[in-house]
Amino acid sequence: MNFAIEKKPGDFRPQGMRTIQLFNSEAQANYKKAGRAAMKNAEEDDIIPKGQCGSRKQHQSIDLALSKRLIWDSLILERRSSGWISNDAKSCFDRIVHWVAKTALRRFGLPVTVTNLMFDILAKAKHRVRTGFGDSDRTFGPTGDVPFQGCGQGNGAGPCIWVAISVILIDAMEAEGFGYKSQTALTNKEFFALCFCFVDDTDVMESNNNVETTGEDLLPSVQSALDLWSGGISATGGAINPAKSFWWLIDFKWRPSSGTWVFCRKAEMPGELTLQDPPGPWATLRRLQPDEAERTLGVMMAPLETGTAQHLALREKAKN
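Residue 85 in my numbering sits at position 85 of the sequence shown, and the numbers go up by one each step.
Incorrect hints may appear among the rest.
Said to hold, decoys possible - Using 35 Å as the maximum straight-line C-alpha spacing, the simulated DSBU-like pairs for lysine-lysine come out as follows:
{"no.": "1", "residue 1": "Lys319", "residue 2": "Lys32"}
{"no.": "2", "residue 1": "Lys253", "residue 2": "Lys57"}
{"no.": "3", "residue 1": "Lys50", "residue 2": "Lys68"}
{"no.": "4", "residue 1": "Lys124", "residue 2": "Lys319"}
{"no.": "5", "residue 1": "Lys57", "residue 2": "Lys33"}
{"no.": "6", "residue 1": "Lys33", "residue 2": "Lys50"}
{"no.": "7", "residue 1": "Lys8", "residue 2": "Lys319"}
{"no.": "8", "residue 1": "Lys40", "residue 2": "Lys244"}
{"no.": "9", "residue 1": "Lys90", "residue 2": "Lys102"}
{"no.": "10", "residue 1": "Lys8", "residue 2": "Lys90"}
{"no.": "11", "residue 1": "Lys189", "residue 2": "Lys40"}
{"no.": "12", "residue 1": "Lys33", "residue 2": "Lys8"}
{"no.": "13", "residue 1": "Lys7", "residue 2": "Lys40"}
{"no.": "14", "residue 1": "Lys90", "residue 2": "Lys40"}
{"no.": "15", "residue 1": "Lys7", "residue 2": "Lys50"}
{"no.": "16", "residue 1": "Lys319", "residue 2": "Lys266"}
{"no.": "17", "residue 1": "Lys126", "residue 2": "Lys181"}
{"no.": "18", "residue 1": "Lys244", "residue 2": "Lys68"}
{"no.": "19", "residue 1": "Lys181", "residue 2": "Lys253"}
{"no.": "20", "residue 1": "Lys189", "residue 2": "Lys266"}
{"no.": "21", "residue 1": "Lys102", "residue 2": "Lys57"}
{"no.": "22", "residue 1": "Lys189", "residue 2": "Lys124"}
{"no.": "23", "residue 1": "Lys317", "residue 2": "Lys189"}
{"no.": "24", "residue 1": "Lys7", "residue 2": "Lys244"}
Rather than coming from a laboratory, the hints here were simulated on the basis of the structure.
Can you build the whole structure from these sequences, using the hints too?
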């Protein structure tokens, strides 16, 4: 049973609605059981990177927001340039390619008989539509040999499936050498940061290994990181929505008048990133100033934090 709900209150446009699928109760119970088993295996075998916090026990979005803030503070202390891309996967649960999901779940320890059963149900399912006028009498499904793809929002195993796929993408990014490496000041232990993921909302970062590399010099590497991430999303059936994505290019300069290091502004460090819009041509991602906050993980955040944006957002919410 398919029905649509509003993503934002009052927005009833079809493109502004979220389609939820209600499954047969027995099938849903099996999906949930398979998802729990797969996540348990992945946690025990330490397969999931620390940067993926979505759909995991004892992980909250605010913890990931704190991690982002701490990495920004580390970049400021070391005065290292960095590219920070915040991107939104477009209808990720509805676009997942079945064979990719089955392969990823096998990596999480599910038997092939279980993965085949899970996706055979999806491939052969008959769909009906529920509206305010009732449920449709007619059903619909794929007309050819290729079944509908995606696992459906509302699927009990959906969050686990997306985690399994995203882990492969994060591992591919790390294998190519993207990310940020540094050492702690007190214990001298090395730490690494690359992706900050909460379900389909992901921040990808690329940084240099020294203070001599400028933001302009780092820009081609940042574009390569975006290309690899978006290419991986596309290969799994998904796409990144350029309209909901943005980025910061972080670098610093010395200000003699105040005797301090300050963030470089966009005019002092020109550069742009491009991303292919799924239905059309290449689009230029919106670039923000270092102190220009944007809502991520439910919090208004920016590399140059003032707290004003989050304060105003909370006051506005309190008024409503």
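Results for each hint:
no.	hint	verdict
1	Lys319 with Lys32	violated, 39 Å
2	Lys253 with Lys57	violated, 42 Å
3	Lys50 with Lys68	holds, 12 Å
4	Lys124 with Lys319	violated, 48 Å
5	Lys57 with Lys33	holds, 15 Å
6	Lys33 with Lys50	holds, 24 Å
7	Lys8 with Lys319	holds, 18 Å
8	Lys40 with Lys244	holds, 32 Å
9	Lys90 with Lys102	holds, 20 Å
10	Lys8 with Lys90	holds, 16 Å
11	Lys189 with Lys40	holds, 29 Å
12	Lys33 with Lys8	holds, 31 Å
13	Lys7 with Lys40	holds, 31 Å
14	Lys90 with Lys40	holds, 27 Å
15	Lys7 with Lys50	holds, 29 Å
16	Lys319 with Lys266	holds, 34 Å
17	Lys126 with Lys181	violated, 49 Å
18	Lys244 with Lys68	holds, 19 Å
19	Lys181 with Lys253	holds, 22 Å
20	Lys189 with Lys266	holds, 34 Å
21	Lys102 with Lys57	holds, 23 Å
22	Lys189 with Lys124	violated, 52 Å
23	Lys317 with Lys189	violated, 41 Å
24	Lys7 with Lys244	holds, 14 Å
Going through the hint list in order, the structure does not satisfy hints 1, 2, 4, 17, 22 and 23.
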